[in-house]
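Participant: Two chains, two frames, some hints: make the complex.
Protein chains in written order, with numbering that gives the first Met the number 0: chain A, 0 to 500; chain B, 0 to 363.
Bear in mind the hints are in silico, worked out from the structure with no lab data behind them.
For clarity, every value in this text was computed on a predicted model and none was experimentally measured.
Even for Gly, the Cβ is constructed at its ideal location relative to N, Cα and C.
Label-pair ranges, simulated between beta-carbon atoms:
1) Ile-155(B) x Gly-106(A): 35 to 43 angstroms
2) Ala-325(B) x Thr-92(A): 40 to 48 angstroms
3) Thr-395(A) x Leu-238(B): 25 to 33 angstroms
4) Ala-391(A) x Ala-328(B): 36 to 44 angstroms
5) Thr-92(A) x Phe-42(B): 52 to 60 angstroms
6) Ile-31(B) x Lys-114(A): 54 to 62 angstroms
7) Lys-308(A) x Ile-151(B): 24 to 32 angstroms
8) Thr-395(A) x Pro-178(B): 54 to 62 angstroms
9) Thr-310(A) x Leu-238(B): 18 to 26 angstroms
10) Gly-106(A) x Phe-197(B): 54 to 62 angstroms
No farther apart than 20 angstroms at their CA atoms in a straight line, the calculated lysine-lysine pairs in the PhoX-like style are these:
11) Lys-74(A) x Lys-348(B)
12) Lys-230(B) x Lys-308(A)
13) Lys-345(B) x Lys-74(A)
If you want the footprint, here are the derived chain A segments under chain B, 3+ residues with CB under 8 angstroms:
14) 314-328
15) 343-353
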Amino acid sequence: MQKDSVLEMRGISKSFYSVKALQNVDFTLREGEIHALMGENGAGKSTLIKVLTGVYQKDGGEVFLKGHEGPVSIKSPEEAQKAGISTVYQEITLCPNLTVAENMYIGRTSGVITKWREMNAGAAKMLESLGIPAKAEQQLGTCSIAVQQMVAIARAVDMECRVLILDEPTSSLDESEVAKLFRLMLDLKARGVGIIFVTHFLDQVYEVCDRITVLRDGKLVGEYAIENLPRVELVSKMLGKELNDLSEIKGSGDGVGSDEVIYEADRLSSVAAKSPFDFTIHKGEVNGFTGLLGSGRSECVRAIFGADKVTGGKVMMDGKPVHISHPRDAMKHGIGYLPEDRKRDGIIGDLSVRENIILALQVLEGFFGPISRAKAEKFADEYIKLLEIKTASTETPVKSLSGGNQQKVILARWLLTNPQYLILDEPTRGIDIGTKIEIQKLVLKLAGEGKSVTFISSEIDEMLRTCSRLVVMRDGKAVGELKGDELTQNKIMSTIAGGEK
Amino acid sequence: MTAPGNVAGVQKLTGLFRKQIFIPIAALLVLIIFNLIADPSFFEITYAQNSAGEPVLSGYLITILDNASELAILAIGMTLVTAASGGQDISVGAAIAISGSVVLRVLCGDNPRPEEMQASILTAFLISCLVSMLFGAFNGTLVAYFNIQPMIATLILYTAGRSIAAWINNNRLPIISDPAFGYFGTFMPGIPVPTPIFIAIICMIITALVLKFTTLGLYTQAVGINPNSAKLNGINPSLIKFITYVIMGLCVAVAGFIKVTRFSTINYSVVALDIEMDAILAVALGGNALSGGKFSMASSILGAYVIQFLTTTLFKFNVSSSALPAYKAVVVIVLVVLSAPTVREKAGKVWRSIRSAKAGKEAA
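Bound conformation, chain B alone (with noise of 0.2 angstroms):
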């Protein structure tokens, strides 16, 4: 009787097995029923009070969300990165310190400890981003115009970003005193979520705004895939690779701001220390290819997320932040195996044969 909605159903399934978003979302499922099984209580959230006294929700789903902001933010750019230039972009955590530094240095001028802001927040926030756009260009003409692989290129930003970060503020660490201005990186006054929760959605919606009213996505997977075709198409791929590492600048500022809003200040040599290969993971996770073409941006998102679940379970368990990256390595591993297209494609039929085994008793 069941039959028919019994074969969609299959169907649909199998369908899920070969979409890139399975894998993501499988390594999600995985990390909640350990932690289900582990130590329900992972999932509880309370009210508690925030530094300011206010009422705030609190509880490891909380932190996830909140710390994965920044991360899922720079996952877009990457997402759009690879998939132009089939190359990634190492120079997002440095160029996370210039940015958070332009910020300190416009809000606070030439005295790091300021009694009032020199400008308001808006006009620092869009500086950071005009800057961290050009350093944007500045990869983007490397790897566009002058063909230079990608991480070659970004490499130059890399090792110079956090010393021009320090340069910037001449080698001083301004702390801003204003509420305020922490409010973007912890909780605005009477909403009891973190704010950088909010700026994520944000700069979700608009990812995902600018895909279907532009033609981004399909220019972008078309120079990735084969630039030649794109050519003789009236595409330029110079200048898509070129507009991918801008938007890529772009997200390195908002999630720049996010960071030095969190503790009002940033210290150079560590902010956003290795986050470039948590995005780069991130990407991969999602099941992007990284040598280009094809991509989904929901995946990779979701991918951040899930690095981001991994990272705060581990520490619930009370895993030691220097032995924190071994284990992660590990789950790294296993997840990166589980998404290679091949392991996918076995996946998919083992699932088929299973189903047509069952379908064969049933009917029999």
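Extracted from the complex, chain A is given alone in its bound form (with noise of 0.2 angstroms):
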């Protein structure tokens, strides 16, 4: 082991079945560093994590912990954070009706009193010591996202841990959260704590991180220090191919579409999307919705897709007046929904891709007409195939697929309705630049057949690459609507903070 590293993984391997998920992979992580975990999905990241920290065991290799003689066999998530090893997850995994102190003491006091006393003191220490704006007697579910995940971090802090390990963090955080959340990572890491940080955000790496090591299709691809591995460079270590489809995704069609008007929502409200909006969509057209995030732009598409109560509001689509109360209704009308959340309103985690694919197409055929089993199967090849989605059946439960995967699966599910209006909420978020890429120009591709799209995504270089035209949001109400010219970074950036012309 060398002097200054406090984790070293020597030759990890490990499969599930027939798959190989890493192979003879080598990580090492310094003392006082962030160190960037990269790679598409699929490529091994979470396997590795997953076996740093005793949820999997690893099928050969050795893992090497500073203070610790010989390697050390970490069995289970307990044993990896009295070894020193803390997770904080893209997902939340505490409690958000306990509050912040209890949080961060749960699952750790000793003997069957809590001295509540001492435990908020403490807590309150350590969240003033590390700059996080919370009060340790709180509530943490009435703390924002960032916080909550500033908390979970606190925690792992708090339990004197050398190697934390932050998978996603950012993904669900708006730029002046993960601003606060890398001055954090920062102040740890001047603390000596070494830190694993793995993310789909290019800029966010070269924003913190010290090192990266980028995996590939299980095997490690290498370790290289920030100032050597320029971006294009990284994409192309990633992805294993040289990449110039970054600038010229559009041009197959520039999604400006045509005069004919899709769908129209006059005065527009939901039980969530609360102040009435106007929206309009032409044939073949691309467009967004941008804002912060809780800006209410999923409010207005979910108010649009009547997947909330609708409130108020008249709706055409060609021409003619239409009622959308329920999803059943737009879909009935062509329109299709891809969910924020795709784990919350994507997914049917425990059926089958197959069932997951059909399942939109399924419905709309009706309660009395099952898709023959035959045909589900033909369905399911041709999108898996259309979509490369890297799965090892159709049968395969869709929860142990890769998150960018499932991603492609609801895709498939709305593609497979052939509907003319599809409305794509973060199809890309925590999602691997390859399949991003992948998404936008299938976006655009549909664009060019004809079909409208509306694309939301967080980050702004994404919607600028696809949509020509954005409706931007602030605070639940839509305050501006860009196209042509005015779609630069600066308009966008400015009409969301309000410069009011």
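Facilitator: Below is the structure:
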């Protein structure tokens, strides 16, 4: 073991049945560094993390930790915690109905008597030293997601962790929250904590990380110091091919669309989207809703789809008034909706890939028209091939697929219904860059075929690449509409920020 | 030489370990082997005279198939209810008392010992179906639209059901003297096989057809696993949950009809007592998660027969009926532990490693 490293993993292998998820992977984490673990979906990042935290047992290889003689064996997440390895996941795994202090100490108090005062004081001290804007007695659920994540980190720090794993911590944070999180990370780094940072956001990697380890198809590609690996090279290493797609996406279709109006909403509102909004989309157009998290962009598209109870407004489709009060109505009119939170609203985890793909079409076919097994399998095979979904078979439960492939399954579900208007709410969140580009290309291809698409993303450059028109939301209201030359990063930012003309 | 076939066979067997239906099949095999060793005469089927003097098939196996009919039918409804709502209907025993009481009331009118039936048996059956489905709808409304936990929602009918049953017939116990009524719970003239077996088979066929020609199976599973997603795909989760409770009501009516025709009368306070627990157990024995979601109908139904097989075996060995539950509990513990997914996963692993060790030896 090298002198300054806190963690070394050597020759780690792990197979699931016949799939080799990790083959002879090395990973080294040094004291006081932020180390990005990069790779496409299915590259083996999560498997490596789970081997390290004892969720999975490795098939081969050795793990060394500072302060331990010889290789250590970690058999459960509890053991990992005791060994000083803490993990903060993308989804908050704390209890929102307990206080911040309770969350920080849960499962760690000894004996039957809880010393509330001591606990609250300790928590307050830790929060203050890390500069986390939360009170110890505050209920965790009342904090923003970012603060909740920071509390999770504070809990880890308080347990004197030497290895902190942050698994996609920023995917549900807005930019100011990300900045706060980064300050916290740099602070921890200064205290000598080794941080493993798993993310899909390239910008963020280059903002805070010192080193990058790239995995591809379960194998180690290499470990690089950040200054030696320009962005383009990182991407090409992750994909295993040279990439000049990034800038060339637009061109296959411009996504402007024709004059024909497909969908028109007049003063539409729902229980979630309280302030009424107007919205139009043309045939073959790609437009988007943008705004900070919580600005109401998801609520608007949910109202269009009838996902929340519609409280008012008129809707016209193809020039005729229609009534959409339930997702099924929207589906019958050829609207598809890929929800923001694929785990909560998208996939049906225990059902197979096949069943997940045919679900929406099946609902349209009706209760008495089940799609035959043979036909369903044909559809599933077709879309698995078309979207390059990585799955062992059509019968694999969809929950065992990686995030990006789950997203593709939901996309397949809607494409199968052949919608004339497709709403994609954060289709690229938590997805590797290769798949992101594929999805963006697909969106423009659909537009080229005369379909209309509403595309929502937290990443503005992604929106700029795909959308020809943007509705800007702030505090639940549509505050502007940008198109043509106005579609620049600066203009969008200033509109979001409220730079009224 | 045999290697490829061998490998395929191993894979199939390993697959079977992980299949749900493996547990009830294994349990059944254990019971069969136990009986074969203890007393092979258990499996004898003979001709005997029934009370009408006709030759009918007789033997423990026939008893099992006959007596399991109600439970198998209830298991169908319980599986759907469990899958969609992630909870169980504990009112089925009481609801059987109600539906049986309705049949008697329609056939007897106000006279508890009628010379002639007041209506056709079919009419009585259909009315009892309607009433049962209404009570199912009551349960379903509480669960699906008021979001009350299934066990609490059905506790209402569980508590009140037997009183309602008694009230329907003004607290009297009518007896039907027409032998034709008893055909459904005993034997049809000229047919040596008990009628409930046929009724259960018909119910299973109908269920299989419904699952094949409608999307009920997919919808209930989708709703049970993730109601949010189901809703965003155009399914109405509340309606699906509601429907499963109505179907449960229909199953109750059929089971109640068998119960009432077995003796041409029922005792409201003891008929089908605790049968809901056996029905839930059948679902669990079938390896279905009681928290809802994916289900295997065949496994549940087989589970029902396993339970009856066990009960009959215990009776055969002269376990007194008061001690029966204790013996049953022991077996249930073993079965339920074995059917836990973690244990199944382990069993599959052990099996695989044994096979691969053997294969390794052979290769060497």
